[in-house]
Each structure stands twice: as structure tokens, then as C-alpha cells.
Amino acid sequence: MNNTQLILTIIIIGIGTFLFRFSFIFLYGRFELPNWIRKAMRYVPPAVLSALIFPAIVIKNEVIWISPQNPRLIAGLIAILIAWKTKNLLLTIAAGMGIFWLMLFI
Amino acid sequence: MINKESLLRGVKAVTPLMLGVIPFGLISGISAANTGLSIGMTMLMSIGIFAGAAQLASLQLISINANMLVIIYTALIINLRMMLYSLSIAPHIQKVNTKWKALLAYSMTDQSYAMSSVHFMNNPEEDTKSFFFGASISIWIIWQISTVVGYLMGSIIPPELGLDFGIPLTFIAVLLKGVAGWPGVIAIITSGIVAVLASQLPMNIGLVLAAIIGITAGAVSERILSKKSEVSENE
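Protein sequence lines correspond, in order, to chains A and B. If you're matching positions, the first sequence starts at 1 in our numbering and goes up one per residue. If you're matching positions, the second sequence starts at 107 in our numbering and goes up one per residue.
Read the hints as simulated data drawn from the structure, not as lab findings. One thing to keep in mind: the hints can contain errors.
Said to hold, decoys possible - Partial selection, computed: residues in chain A whose CB lies under 7 Å from chain B: (1) N2; (2) Q5; (3) T9; (4) I10; (5) G29; (6) V44; (7) P45; (8) A47; (9) L49; (10) P55; (11) I59; (12) P68; (13) A79; (14) L89; (15) L90; (16) T92.
Unchecked claim - List of simulated lysine-lysine pairs, DSS-like, C-alpha gap at most 25 Å: (17) B:K283 to B:K118; (18) B:K334 to A:K39; (19) A:K87 to B:K283; (20) B:K118 to A:K39; (21) B:K283 to A:K85; (22) B:K283 to A:K39; (23) B:K118 to B:K207; (24) A:K85 to B:K118; (25) B:K333 to A:K39; (26) A:K87 to B:K118; (27) A:K39 to B:K207; (28) B:K205 to B:K110; (29) B:K201 to B:K110; (30) B:K201 to B:K118; (31) B:K207 to B:K110.
In this text, all values refer to a predicted model and were calculated from it rather than measured experimentally. A virtual CB, placed ideally from N, CA and C, is assigned to each residue, including glycine.
Just chain A, same shape as in the assembly (with noise of 0.2 Å):
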């Protein structure tokens, strides 16, 4: 790939994003929206979230590992249970960043 050809991705990839974003905040208020839309919106972050969090922490170069051997799904558990009992933040992260690396060197 060229230079000319590099920026034309990233500008087309920058402006689709932007739109995305953009979207609906923009677009709001100009129609009537559903009333069941309104209320499933509510499970948005816990849905995306989610579908983010756990491809991240079983799979590993493509393949699904469920393993007491996987140290980003151990981590990554132990961590949810953290957040669960005590949501801190900063504690999560940090747990689960260190259990994840004990697990890696040990």
C-alpha cells in the first residue's frame, strides 16, 4: 500500500467512525422514537460490554480455550468477580492486570 492510498483508508475510516458516532446524537429529537427502543437502549453498555470482554478473555488466535490454563480468561474472571463485590475501578484493572501477568511468567 502507497502513502496516498494509507491516508485515503485512514480519512475513509476516520469519517465512517465519526458518523457512527455522530449518528443518532445528531439525528435525535428529528423523529419519534419507539417507545421499546427507548427502553432497550438501557442494556446497551452491559450488551456491548459484554460482547467486547469475553472474545478478548477465551479466545486466542481465533480457537476458543476455555482452560484453567488461559491466563486472560482466569484473569479476566477473577477480575469480573473484583469489580462484582467491590467496584473499584482502579482495583479491577490492577487485579486483573497482575493476576494476568503472574499467571504468564509463573
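Could you slot chain B onto chain A? The hints should help.
What follows is chain B alone, placed relative to chain A:
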């Protein structure tokens, strides 16, 4: 006008998450350097796209000389989730003028969106523009700095450290703040299972598919649970 206190509350809300954002920014800078991008191109990407997962996926595809359309498609499908964020946060910033809406949209990330949306549900009196901007802009600044640092010092940070793991950890930390009762738990479980299974599907559609099925599962179970409690009240 910006409300300073609300802005600071937004900054403070995301500050602990920097522990995960910084390593990911470093990784993004390192990958850009390893892919052979100039520092200018790296910053164009980091400022122009400003979405870590999509940037990393694009860099990986650039490094294997993938087709331009494949790169664009992959990055955009990863970022499609932002439309859900946009729809979900829109009612809270409806009264803001269009210029501010554009700025808030541009700087929105997974973390600033999730923290703000949960905060607004619990604090309806908050100055939403200032809080949201504070949360987003502090991540933006830290992201750009850590990308540059990663680019410049990449060679001394060993890749085995798995610094990219910081990001799922920030999501885990934020996730449990916004769980709305049992329907929220059902949304999490459904979406997580679908995302893992669908990751084997082609074209990277797993994320969006899982999100939509998870949201539906949450909304439907809310309806079923509330009907059940109505029935038991009438008995």
C-alpha cells in the same frame, strides 16, 4: 458554557480507567511503528480514527498488505457499535447545540460513553455536556500521549507483556457499574455467549450481532419479569 464541577466529575470518573487505556495506547503506538508507519501517519490515524480496536485491526491488516477495502470494512464493522452508543446517549445531550454534539460524538469512546450513560441514569441533574466532555477529552489526551510514547519507545517494551489486556479489563470494571438488575445480567450472559460463538463467523459480524441479541434479551426479559410481578401483585 462548561460547568467546571461537572467537567471535573467526568474527568474523575474515567481517571482509574487510564490504568487500562495507557497500556493500550502504548501498544497502538508500538504496532504503528512496527508496521512501518511514519509518526505523522500514526498521529493521523490516532486522531482521525480515535478508536483503539479498529486502529489495531487496521494496522495488522496493513502489515500483511491486505486490500484497502478489506481494511476499511474491518475497521468500520468494529466501530459500528458506536451507533448504538450514539442512540443510547442521544436523549441525554439533546439540548446541546450541533457543534458541541459533533465534538462530543467525535471524542466518545467505549469507556467515556459507558461511564457517562450510567452516571446520567443515576444523576438526572448532571450537566451532561460538561461531564461527558470531561470524560471523553481526558481519555483522548491520554490516548494521544501514550500512542506517541509507544511509537517512540516501542522497541524497549517487550510484546510478551500482553499490554492489550488492559482494555478488556477497563470494560470489566465499567460493566458491573451499569447492570440494570436481572435483565442486565441476562443481557451480559446472552451477549457474551453469542459473541464468543459468533467470533467464528466470517466478516467480523460477531460483535454487532451479539450486541443486538444481548440488548434484545435484556429488553424481552425485563418485559417478562415485569409481567410476572404484575400477575403476582394481582393474585
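Results of checking the hints against the structure:
no.	hint	in the structure
1	N2	violated (10 Å)
2	Q5	holds (6 Å)
3	T9	holds (5 Å)
4	I10	holds (5 Å)
5	G29	holds (5 Å)
6	V44	holds (4 Å)
7	P45	holds (4 Å)
8	A47	holds (3 Å)
9	L49	holds (5 Å)
10	P55	holds (5 Å)
11	I59	holds (5 Å)
12	P68	violated (17 Å)
13	A79	holds (5 Å)
14	L89	holds (4 Å)
15	L90	holds (4 Å)
16	T92	holds (4 Å)
17	B:K283 to B:K118	holds (15 Å)
18	B:K334 to A:K39	holds (18 Å)
19	A:K87 to B:K283	holds (7 Å)
20	B:K118 to A:K39	violated (28 Å)
21	B:K283 to A:K85	holds (11 Å)
22	B:K283 to A:K39	holds (18 Å)
23	B:K118 to B:K207	holds (22 Å)
24	A:K85 to B:K118	holds (21 Å)
25	B:K333 to A:K39	holds (15 Å)
26	A:K87 to B:K118	holds (15 Å)
27	A:K39 to B:K207	holds (22 Å)
28	B:K205 to B:K110	holds (19 Å)
29	B:K201 to B:K110	holds (18 Å)
30	B:K201 to B:K118	holds (24 Å)
31	B:K207 to B:K110	holds (18 Å)
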